[in-house]
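Place chain Z on chain H using the hints.
The chain contents come next:
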Amino acid sequence: MTDLPEKTERKLGLVIDLDTCVGCHACVIACKGWNTENYGAPLADADAYGTDPVGAFLNRIHTFEVQPDPREDGSLPPAQMFHLPKSCLHCDDAPCVTVCPTGASYKRVEDGIVLVNETDCIGCGLCAWACPYGAREMDPAEKVMKKCTLCVDRIYNDNLPEADRQPACVRTCPAGARHFGDLADPDSAVSRLVEARGGMDLMPEQGTKPVNKYLPPRPRDAEIDVLAPYLAPVDEHPKGFLGWLDRALGKL
Amino acid sequence: MIAPDRTQPHVDTAPKVSDEIRKTTCYMCACRCGIDVHMKRGADGKLQVAYIEGNRDHPVNRGVLCAKGSAGIMQHLSPARLRAPLKRTGPRGSGQFEEISWEEAMETARGWLAPLREQAPEKLAFFTGRDQSQSFTSWWAQAFGTPNYAAHGGFCSVNMAAAGIYTMGGAFWEFGSPDWERTKLFMLFGVAEDHDSNPIKMGLGKLKARGAKVIGVNPIRTGYNAVSDEWVGITPGTDGLFILSLIHCLLKAGRIDLSYLARFTNAPVLVNGDPKSPDHGLLLTTDDGVHMVIDRRTGKPAPFDGEGVEPDLAGSLRRAGVSHRSVMQHIAERYLSDDYAPETTERLTGIPANTTRRIAADLARTAFDEAITLDRPWTDFRGHRHETMTGRPVSFHAMRGISAHSNGFQTCRALHLLQILLGAVETPGGMRFKPPYPKPATAHPKPHCRVTPGKPLDGPHLGFVQGPDDLCLTEDGSPARIDKAFSWENPMSAHGMMHMVISNAHAGDPYPIDTLFLYMANMAWNSSMNTAEVQRMLSDTDAGGDYVIPRIIVSDAYSSEMVAYADLVLPDTTYLERHDCISLLDRPISEPEAAADAIRWPVVEPERPGHAGVRGFQSTLLDLGHRLKLPGMTAADGSPVYSDYADYIQTHERRAGVGPLAGWRVGEAEGESTPATAGSGLRHGRGAPNGAQLDSYIRNGGFWTGHIPEEAAFYKPWNRAYQDWAVAIGLYDKPLPYVFSLWCEPLRRFQLAAEGQGRRQPPDHLRARIRATLDPLPIWYPPLQDGHADPVEFPLHALTQRPMAMYHSWGSQNAWLRQIHGMNPLYVPTGVWEANGFRTGDWARVTSQHGEITVPVAHMAALNPNTVWTWNAIGKRKGAWALDPEAPEAKKGFLLNHLIHELLPPKGDGLRWSNSDPVTGQAAWFDLRVKIEKVAAPRQTYPDTGTQRSPVPPAPQTVRRTTGAKE
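If you read the sequences in order, they're chains H and Z. With the working numbering, letter number 15 in the first sequence gets 15, and the count goes up by one each step, no holes. With the working numbering, letter number 561 in the second sequence gets 813, and the count goes up by one each step, no holes.
Just chain H, with the same shape it has in the complex (with noise of 0.2 Å):
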């Protein structure tokens, strides 16, 4: 067993605004691109162009239908559907790390990450098992857990230009739907954020006090004013169009 902090200096995290996310995917596919070269060992394919390919992915996007309930005068609203990504939420009371045999998961005191030190890890696996998100993936060909760093070789890099110093997958979210920062701090734009919408937690039932917050769908469809006024008509004669017409165009 690895013991957690007692408490960290910052709670770095993302917040995703499930609102905006279209289910496009980019956020998978630079996360899978930056961590292949990066912390520890690369993220493999194996059978990559075969029947069963399986493949390392620290973040996943899924898709759900939601149909909501009649609304008041019988009618069924359209069904709406929803895309949730997800990575480790680096949790605060992460059972991956407290059920980690080796001491190769940890979570840093400095900023609340979530890490697995890859020289210790026997893949065991116990760690995806604790894990109530399913948030970490086995490494088909090292045989190592992976999981999300928060990209922390690329928030901390000087060797990156300052605005690229968050994760891989906020840099290139085309619909802004994914921010970074630190969620310790009240003030910061994401807890701001959290607080003018709303935000969750994922399955807080789990008792795992994630750090990432999910900002929740503004509704949809449902306030519709169905007493919203139409448009008057400028005459109930088609005729009178015209008429209307030529008062309106003295009116200019």
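Incorrect hints may appear among the rest.
Unchecked claim - DSSO-like mimics (lysine-lysine), calculated; alpha carbons at most 27 Å apart, straight line:
| # | chain 1 | residue 1 | chain 2 | residue 2 |
| --- | --- | --- | --- | --- |
| 1 | Z | LYS552 | Z | LYS528 |
| 2 | H | LYS7 | H | LYS86 |
| 3 | H | LYS251 | Z | LYS552 |
| 4 | Z | LYS1186 | Z | LYS1144 |
| 5 | Z | LYS1144 | Z | LYS1183 |
| 6 | Z | LYS1186 | Z | LYS1130 |
| 7 | H | LYS239 | H | LYS251 |
| 8 | Z | LYS339 | Z | LYS881 |
| 9 | H | LYS143 | Z | LYS268 |
| 10 | H | LYS209 | H | LYS7 |
| 11 | H | LYS86 | H | LYS209 |
| 12 | Z | LYS458 | H | LYS86 |
| 13 | H | LYS239 | Z | LYS528 |
| 14 | Z | LYS552 | H | LYS239 |
| 15 | Z | LYS298 | Z | LYS268 |
Stated by the list, open to error - Output of the computed footprint for chain Z on chain H, the stretches with three or more beta carbons under 8 Å from beta carbons of chain Z:
| # | segment |
| --- | --- |
| 16 | 169-179 |
| 17 | 246-252 |
To be verified - From the structure, some residues in chain Z lie toward chain H, with a derived Cβ separation under 10 Å:
| # | residue |
| --- | --- |
| 18 | LYS504 |
| 19 | ILE1072 |
| 20 | TRP1133 |
Calculated directly from the structure, the hints in this document are not laboratory data. Keep in mind that this is a model prediction, so the values were computed, not measured. We treat Cβ as the ideally placed atom computed from N, Cα and C, and that holds for glycine.
The following block gives chain Z in isolation, referenced to the frame of chain H:
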């Protein structure tokens, strides 16, 4: 168990990112984003591609990049890459080839083509697919002298492009975009998650960030429609009717922009109302040939652009007992009719009347009650100065969903009419054109088809006809082109009709050809309707055992399905190994506030060790042109004019001072319009060729932008400052102000011919259809297939969408992307799912009037109740793309294409009608009607088109990419 250790391991948080960043242009789709390619030096000292991300400075993507773009590295390293020119050794389609030298390949091609050029240039049909060098490939085809050239627009979105250009001198995507910064209400019609990719996502993100409303109109609620605030799950093929119903509501309430219509459109122009006149239905002109309006000051006729004239939208003129009424009067008469009332249209569109009325009210309120004003003075083409710019902050975007129907052209026209009635084109908050647009149809070339053996064609192949005189017909009235573009069947086919080439060539109709030459077009697979039948046509033999289509040359970078049907394969490079220019002469990357163009350059050299290697197709084409001694490619002393495509990009001049790239040309800077670094001897826009131009582009991140002055940024078609800027930069040679064509005269000229007027007459069987469909005002008619396939027997509409993470067939061999989309079920709506008793994992037989397929199904609730759909081009032929023949793409993936014929089913009139739009010839992919029934799960999808042998070795089992220091 090892004791826990509270000491944290050391992590290198600042590793070296790369040895060098090379900035070029993505080609993972047609979006053309700027990319930073991070290079690392390998053990052998050579730079390798390590990582790709978006270029923050680039005008298209501003640093972001989609899944395809980031996966480009896997495309570049694909095991399906060809390695050498190939000569076919087995039957067509078998995939049996031998590698040959480039010299043998080029001499083979020359040997086939040289006699054609001398005797019958039209026997070469040269068609390109998702080619981004059409101004170059068309120039080559023109020099060769064949009329048979086009790119893929005819099966993509020509309806969108042509309707936009004929109506308002531009359309969506590379022509124009919503004013994302200012729009308050955005409506998206029929966008299948691409076109254009990152800019739409970035734009939606901006709207979402400030809470602007998004309405998605699409039978399928995925992607952009999933995040829409309101989803309108319309019945496929009825968008035009819905739009005209919105127009009905707006007109009825007088919620239209009268001042805009009077000043900037042909709404006030008088229409010849004399049924006996040969010009009946055309616009009246003054004695000087200028369109005629009634001047409200005098009540008398006047030229529309006359000094101080106040055009009367309600004007009419009585002459010799005949009333000539304004276009606006015709508009009012037509769309105020109860035919377009929401209560009438709801049965067909599936959109409740109150939804249509509410959306119309939303549009009106946002456009007029929430109008925006910019304090930006500007001067119009009449010389009138305006102190402010008034904006109607409603905007629209649309793409193939409304375009790929047989009523698509008129539907796109209807959408533009809606935008224009709201005053929301080229005004703040609305839609904005991107240079070189706006550019009216009259400023584009007309099509040319005159063949002279041994000589170039008499002009550009493609263009915008103004009437029957401009059609591409032979002396006897038959089509001059192999695809029958610009013929009576589809007179305004501005992009050609690539989807008809193979079936027409096979039928020898209108004439047989000798050589089919294809570039970057997978016509033996997902780019053809009727795929299995097209494969048969490509390999069909005549009584003597010879192929019906005698010769096929294909250029492709990968082992595609089409490659297997080639006699000769000229292997292309990947996009990271080549030169390209994304040119203002072609399909540039401009933004509403700037003209822009860009390049690709070989960030790595194309190396295929142990093989003859690959070459950029455009360089191959220049070499072939020189071997054929084509004019423009061969100097007087017989030497090549251009050593390769890079040389062409830098030194070719289309007009004096105007070449493929507008940045860093030779000449001194002149004021604001053409600045460059002072004293450098370089300038932007017009200028002499610069032999080091590509170096300037590379130094500047791979692109050039020329900003439009502030006062010229809106009202571009009518804005003097914009027109002057466009001339200075070389977009036009003189100012070209024009008004929008709500009444589209070229359409009316074809109707007149169908009514018996004029020298060139359509065949009798087409008269009624031309009269009905080529209406000068937007109309809606049911998709033509509905008149052939029984809607009761085939009750479901069947559509395809392209996923955001995959583009075109070549995405499926990408080791990363195929793990996202490795198979494609047919998505079935709830009612149909339940009625058929489907369960997860089931399969279904899907039947159209033309054919049947057997495919896996999946349930989807957020779907129009009468629509089924699937992802496009995931399915693969066994043996193609270096995939395992048992791969899910080959076993469970499928194409809907098998269900779609190029021709409509016979309906007993003795004729076979084309399955395309009667105006433009656009392939009517989305008219498809099917029925569905549950079947026992088979071993694989049906039909099975067999296995092709792979000309490349089997792919590696595991991909585990390491570069540079990690190696």
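Hints, one by one, checked against the model:
With a C-alpha separation of about 24 Å, the suggested pair Z/LYS552 and Z/LYS528 falls inside the 27 Å cut-off, and the hint holds. Under the criterion of a C-alpha separation no larger than 27 Å, the hint pairing H/LYS7 with H/LYS86 is consistent with the structure, at around 24 Å. Between H/LYS251 and Z/LYS552, the direct Cα distance comes to roughly 20 Å. Compliance with the 27 Å bound is thereby established for this hinted pair. Taken as a hint, the Z/LYS1186 and Z/LYS1144 pair is honoured in the structure, with Cα atoms around 16 Å apart against an allowance of 27 Å.
Simply put, Z/LYS1144 and Z/LYS1183 have alpha-carbon atoms about 20 Å apart, close enough for the 27 Å limit, and the pair holds. Proximity of Z/LYS1186 to Z/LYS1130 is assessed by CA-CA distance (about 25 Å); at most 27 Å being required, the pair is judged to hold. Restraint check for H/LYS239 and H/LYS251: the C-alpha separation of about 20 Å stays at or below 27 Å, so the hint holds. Taking the CA atoms of Z/LYS339 and Z/LYS881, the gap is about 24 Å. The hint holds against a cut of 27 Å.
Restraint check for H/LYS143 and Z/LYS268: the C-alpha separation of about 26 Å stays at or below 27 Å, so the hint holds. Restraint check: the Cα-Cα separation between H/LYS209 and H/LYS7 comes to about 13 Å, which is no more than 27 Å; the hinted pair holds. Straight-line distance between C-alpha atoms of H/LYS86 and H/LYS209 comes to about 15 Å, which keeps the hinted pair within the 27 Å bound. With a C-alpha separation of about 23 Å, the suggested pair Z/LYS458 and H/LYS86 falls inside the 27 Å cut-off, and the hint holds.
For the given pair, H/LYS239 sits about 26 Å from Z/LYS528 by alpha-carbon distance, which is consistent with the 27 Å threshold. Of the supplied pair hints, the one linking Z/LYS552 and H/LYS239 holds, its CA atoms being roughly 23 Å apart against a limit of 27 Å. As the CA atoms of Z/LYS298 and Z/LYS268 are separated by approximately 17 Å, the hinted pair is consistent with the 27 Å bound. Look at the segment 169-179 of chain H against chain Z: 7 of its residues bring a Cβ nearer than 8 Å to a Cβ of that chain, three or more, so the hint holds.
Under a criterion of three residues with beta carbons nearer than 8 Å to beta carbons of chain Z, the stated coverage of the segment 246-252 of chain H is upheld, 4 such residues being counted. Annotation: Z/LYS504 was flagged as interfacial toward chain H, and the flag holds, the nearest CB pair being 5 Å apart, inside 10 Å. Taking 10 Å as the C-beta contact cut-off toward chain H, the hint placing Z/ILE1072 at the interface holds, the least distance being around 5 Å. Because the beta carbon of Z/TRP1133 sits about 8 Å from the nearest beta carbon in chain H, less than 10 Å, this interface hint is met.
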